[in-house]
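Trainee: Based on these hints, arrange chains B and A on the given structure of chain D.
Protein chains in written order, with this note's numbering: chain D, 1 to 271; chain B, 1001 to 1271; chain A, 2001 to 2271.
What the hints contain is simulated information worked out from the structure, not anything from laboratory work. Glycine included, C-beta positions come from ideal geometry on N, C-alpha and C. Certain hints may be false.
[Stated by the list, open to error] Restricting the straight-line Cα-Cα distance to at most 27 Å, the calculated cross-link-like pairs of lysine-lysine (BS3-like) are:
hint	chain 1	residue 1	chain 2	residue 2
1	D	Lys232	B	Lys1232
2	B	Lys1138	B	Lys1112
3	D	Lys140	D	Lys112
4	A	Lys2112	A	Lys2140
5	D	Lys138	D	Lys112
6	D	Lys232	D	Lys264
7	B	Lys1232	A	Lys2232
8	D	Lys232	A	Lys2112
9	B	Lys1264	B	Lys1232
[Said to hold, decoys possible] Far from chain A, by Cβ distances over 12 Å, these chain D residues were calculated:
hint	residue
10	Ala87
11	Val142
12	Gly262
Each chain, written out:
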Amino acid sequence: MHDPAEQAADNLHMVRERTPLVHNITNFVAMNYIANALLAAGASPVMAHAAEEAAEMAGLADALALNIGTLSPEWIAAMIQAGRAAADRNHPVVLDPVGAGATSFRTASARKILQEAPVRIIRGNPSEVLSLRGGGSKTKGVDTIHSVDEAAEAARILARELGITLAVTGPVDLVTDGDRLVRIRNGHPLMARVTGAGCTATALIAAFAAVEPDPVSAAASALAFFDLAGEKAAQTASAPGSFMIALLDALYTLTPEDLRRGAKIDLEKRL
Amino acid sequence: MHDPAEQAADNLHMVRERTPLVHNITNFVAMNYIANALLAAGASPVMAHAAEEAAEMAGLADALALNIGTLSPEWIAAMIQAGRAAADRNHPVVLDPVGAGATSFRTASARKILQEAPVRIIRGNPSEVLSLRGGGSKTKGVDTIHSVDEAAEAARILARELGITLAVTGPVDLVTDGDRLVRIRNGHPLMARVTGAGCTATALIAAFAAVEPDPVSAAASALAFFDLAGEKAAQTASAPGSFMIALLDALYTLTPEDLRRGAKIDLEKRL
Amino acid sequence: MHDPAEQAADNLHMVRERTPLVHNITNFVAMNYIANALLAAGASPVMAHAAEEAAEMAGLADALALNIGTLSPEWIAAMIQAGRAAADRNHPVVLDPVGAGATSFRTASARKILQEAPVRIIRGNPSEVLSLRGGGSKTKGVDTIHSVDEAAEAARILARELGITLAVTGPVDLVTDGDRLVRIRNGHPLMARVTGAGCTATALIAAFAAVEPDPVSAAASALAFFDLAGEKAAQTASAPGSFMIALLDALYTLTPEDLRRGAKIDLEKRL
Chain D
1 MHDPAEQAAD
11 NLHMVRERTP
21 LVHNITNFVA
31 MNYIANALLA
41 AGASPVMAHA
51 AEEAAEMAGL
61 ADALALNIGT
71 LSPEWIAAMI
81 QAGRAAADRN
91 HPVVLDPVGA
101 GATSFRTASA
111 RKILQEAPVR
121 IIRGNPSEVL
131 SLRGGGSKTK
141 GVDTIHSVDE
151 AAEAARILAR
161 ELGITLAVTG
171 PVDLVTDGDR
181 LVRIRNGHPL
191 MARVTGAGCT
201 ATALIAAFAA
211 VEPDPVSAAA
221 SALAFFDLAG
231 EKAAQTASAP
241 GSFMIALLDA
251 LYTLTPEDLR
261 RGAKIDLEKR
271 L
Chain B
1001 MHDPAEQAAD
1011 NLHMVRERTP
1021 LVHNITNFVA
1031 MNYIANALLA
1041 AGASPVMAHA
1051 AEEAAEMAGL
1061 ADALALNIGT
1071 LSPEWIAAMI
1081 QAGRAAADRN
1091 HPVVLDPVGA
1101 GATSFRTASA
1111 RKILQEAPVR
1121 IIRGNPSEVL
1131 SLRGGGSKTK
1141 GVDTIHSVDE
1151 AAEAARILAR
1161 ELGITLAVTG
1171 PVDLVTDGDR
1181 LVRIRNGHPL
1191 MARVTGAGCT
1201 ATALIAAFAA
1211 VEPDPVSAAA
1221 SALAFFDLAG
1231 EKAAQTASAP
1241 GSFMIALLDA
1251 LYTLTPEDLR
1261 RGAKIDLEKR
1271 L
Chain A
2001 MHDPAEQAAD
2011 NLHMVRERTP
2021 LVHNITNFVA
2031 MNYIANALLA
2041 AGASPVMAHA
2051 AEEAAEMAGL
2061 ADALALNIGT
2071 LSPEWIAAMI
2081 QAGRAAADRN
2091 HPVVLDPVGA
2101 GATSFRTASA
2111 RKILQEAPVR
2121 IIRGNPSEVL
2131 SLRGGGSKTK
2141 GVDTIHSVDE
2151 AAEAARILAR
2161 ELGITLAVTG
2171 PVDLVTDGDR
2181 LVRIRNGHPL
2191 MARVTGAGCT
2201 ATALIAAFAA
2211 VEPDPVSAAA
2221 SALAFFDLAG
2231 EKAAQTASAP
2241 GSFMIALLDA
2251 LYTLTPEDLR
2261 RGAKIDLEKR
2271 L
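So that you can see chain D by itself, here it is in the shape it has in the complex (with noise of 0.2 Å):
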C-alpha cells in the first residue's frame, strides 16, 4: 500500500470508470439509501434474495454486500448461497453484522454467514465486530475497550485470527487485516443521525471492493469517500434530513482529486 490518500483517489477513480454492479442482500431500512448511494457514487445496486436466484444474481454481479439488519431464516439462507456463488468467481464478499451481539439470533447468524460463506471483509461497529470473536479468542471482548487503541489492538488480533479483513467505524475508523492497520480520521457527526449510514458504508466497500483487490485498500478508501461526502455535506447541511440528502449529492460531486486531497488515512507500519 503506498500513499493511502492517493490510492483511494485511484480507487475512486477505478468506481467510476467500471460502475460496478453490487449485489446486495441487505435490511429493509436501508435498501433504497444504499441503492442511491451507490448509484451516486458511480456504481450500480442490485438488490436480490431469494433463494431462487441468489446465486445466480451474484454470479453476475462485481461484489456482494450481505447486511443482517432486519433478518429472517430464509435470507440467511440466501445470503450463504450468495456468497459461495460470488466466492467462486474470487469476487468480494463483505459482511455488515448488525446488531450481532444485541441478540442471539442476530449473532449467531453473522457467525453462520462467516463460517459458511468465504467472507472477505466485515464492517460494523465495535461492539458487532468484537462479537463475532470464537470461544477462544484472545481479543478483548467490548465493554472492556475504553479507548480506540484499545479498539485498534482488539481489531487486529480478531482479523488475524478470522482470517478477515474488520472495518471498525466510529468517530475514528479503523481498517486492518491483523498485519496492517488503518485509521480514517474523516467524517462528521451528522452521519450517526442518518439511519443507514453504516449499512451505506458496507455497500460502498463492496463497491471498492470489486475494483480493488487490497481488501485494506478498498475499504479504507471506500470509508474515507463516504466520510469526507459527510463533510462535505455538513457545509451545507446543519439537520438530518437535508444532511442527508446533501450526502448523496456530495457521493456524486466529490472527485478522485478532492478525495487525494481531503482524505486523511494513516497507515501503521506493520508490526
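Mentor: Same frame as chain D, now just chains B and A:
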C-alpha cells in the same frame, strides 16, 4: 395532567436526554422515514421482525411500535410475541392499525393483536380506529360520523370499552383514555402528502411513551411535537419532497421551548 | 388519440380530480419513493402483498401496479391473485418486469404473471421487455438492437404478439400497442441516478390508466408527465440527492398547462 404544552416540552426534553430505544415492527414503505424521524427527534430506532428475535429485541428496547401497513401472518405472530415481551417489562406498546376497516385481513389482524398483546396506545385515522369496535360496542361507526365532535365522542366511548388510550389523527388530533380528552390543533396539510406520516407519528408516540408513563400525555406531546415540526417545515418548503426533508430537519431543530410556546393542546375537563 | 400533449394535460387533470387509489405489489427498494411520487402527483398509494388480502385490496383500488424488483415466490402468487381481481373489475394492471432477462427466476416469473393475470401495460427497459418474447417470436432479441428505431420495431411486433401495450423507457421513451407507436422525448439523465425511477414511472402509468381507458394514451401521458417533472427538477438540482427530492416537488407543482406546453409526444400514424 398539568399545563399540556408545558408537559409536552418536558416530555421532549426527556426524549432528548434518555434517547429511548424504540423497537419497530412496521411496514416496508415507512421504515426508512420512521427510523430517520426517530433519530432526528433524539430517540433511537431498531427494526426486527423475525420470530427468532422479536421478543428478545422487545426486551432490550424501551418501547414497541407495531404497524400493520404491509402485514403478513408471520409478522403478526412476531408482533404478538414482541408485544407480550414488552408488556412483561412494563414497556409501552403502541399499535398502528393501518388499513383496518379496509380489508378483512387487516381488521382481523388488528383485533388479534389487541386481544393477544397488551397494547397501551392505538394511533390511527378515524376509520381505522373505529373499525376496532367489537360486536356489542356502543361506539358509532365511522360512516355515521360527520364532525370532530362526533369523532371525539366515539373515540371516548371506544377507549373506555377497550381500556386503551386512543390517538385519532386528522386535521385536529384527538387523544383520549375514555375519561380525559385532548385536542391538538397543530399541523399542516402537506403532512398528508408524505407517505408514512401517520406511521411516523405512531413511532414518535412510542418514543414519548418510553419516557412518560401517562399515555394521554405521551401521545398528546408526541403529536403536538410532530405537528409543530410540520408547521415549521412548511415555513421553508411548499411541495412534498422538500417538505418531507424539512420535516426531518424540524424534528431535530425544534426545542422544548419552541414546543412550550407553539403547542396548541386543549384538555377537556373530566366528565 | 387526438393531440397527445393535449390529452396528457387532460389525463393529468383527471388524476388530480379523481385521486385514483393505486394498489402496488412492488419491490422493497422503491416502495417509499413510489408512494411519495403517487401522493405528489395527486393519486393515492396502497401497498399490500399478503395472499390473505391481495385480491381484496385490488378490488378496492382503481389500478394495480405489479413489480418484480425484489421478488419471492409467495409475492408472485399474490400478484397473480391481485391481477385477476383487478381485471375482473376491468381495472388496469401494469407490470414492471424488473430484471427479466437477467436471472432465469425473473424471466420465468414475469412470464408466469403474464400468462396468469390479464396485464394491460408492461413498462420496462428494452432488455427487460424484449426478454418476454416467446419461443416462436418474430421479435428481435435485445442484443441485436442498435438504435431506437430497431427497438421501436421490436416493441411493436412484441406488443402485437402479446396483445399488450408496451412502454419501453430510455433516453427516448416508446409506447406501442402493436399498431400505434408513440415516442416521448422528455426527460433528464439524472433520472437514471435515482433508484426506482423506472418503478415510479410504472406506478404513475397505473394511476393514469385508472382514469384513461386507452392504454397508449395513459402510458404516454404518464411518461411525458414524469419526464417533464425530471426536466423541471434539473432546473434547480444538479446532483442525485437533491434531484430526487426536486422531482417529487415537480410531480406536485407541474400543472396540466405545463404538460400541454412541455410534452414532446410524437404519434406515428398507423401502419
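Trainee: The structure should be examined with respect to each hint, and the outcome stated for every one.
Mentor: Now the hints, each set against the structure:
no.	hint	in the structure
1	D:Lys232 x B:Lys1232	holds, 26 Å
2	B:Lys1138 x B:Lys1112	holds, 20 Å
3	D:Lys140 x D:Lys112	holds, 21 Å
4	A:Lys2112 x A:Lys2140	holds, 21 Å
5	D:Lys138 x D:Lys112	holds, 20 Å
6	D:Lys232 x D:Lys264	holds, 14 Å
7	B:Lys1232 x A:Lys2232	holds, 26 Å
8	D:Lys232 x A:Lys2112	violated, 47 Å
9	B:Lys1264 x B:Lys1232	holds, 14 Å
10	Ala87	holds, 19 Å
11	Val142	holds, 31 Å
12	Gly262	holds, 18 Å
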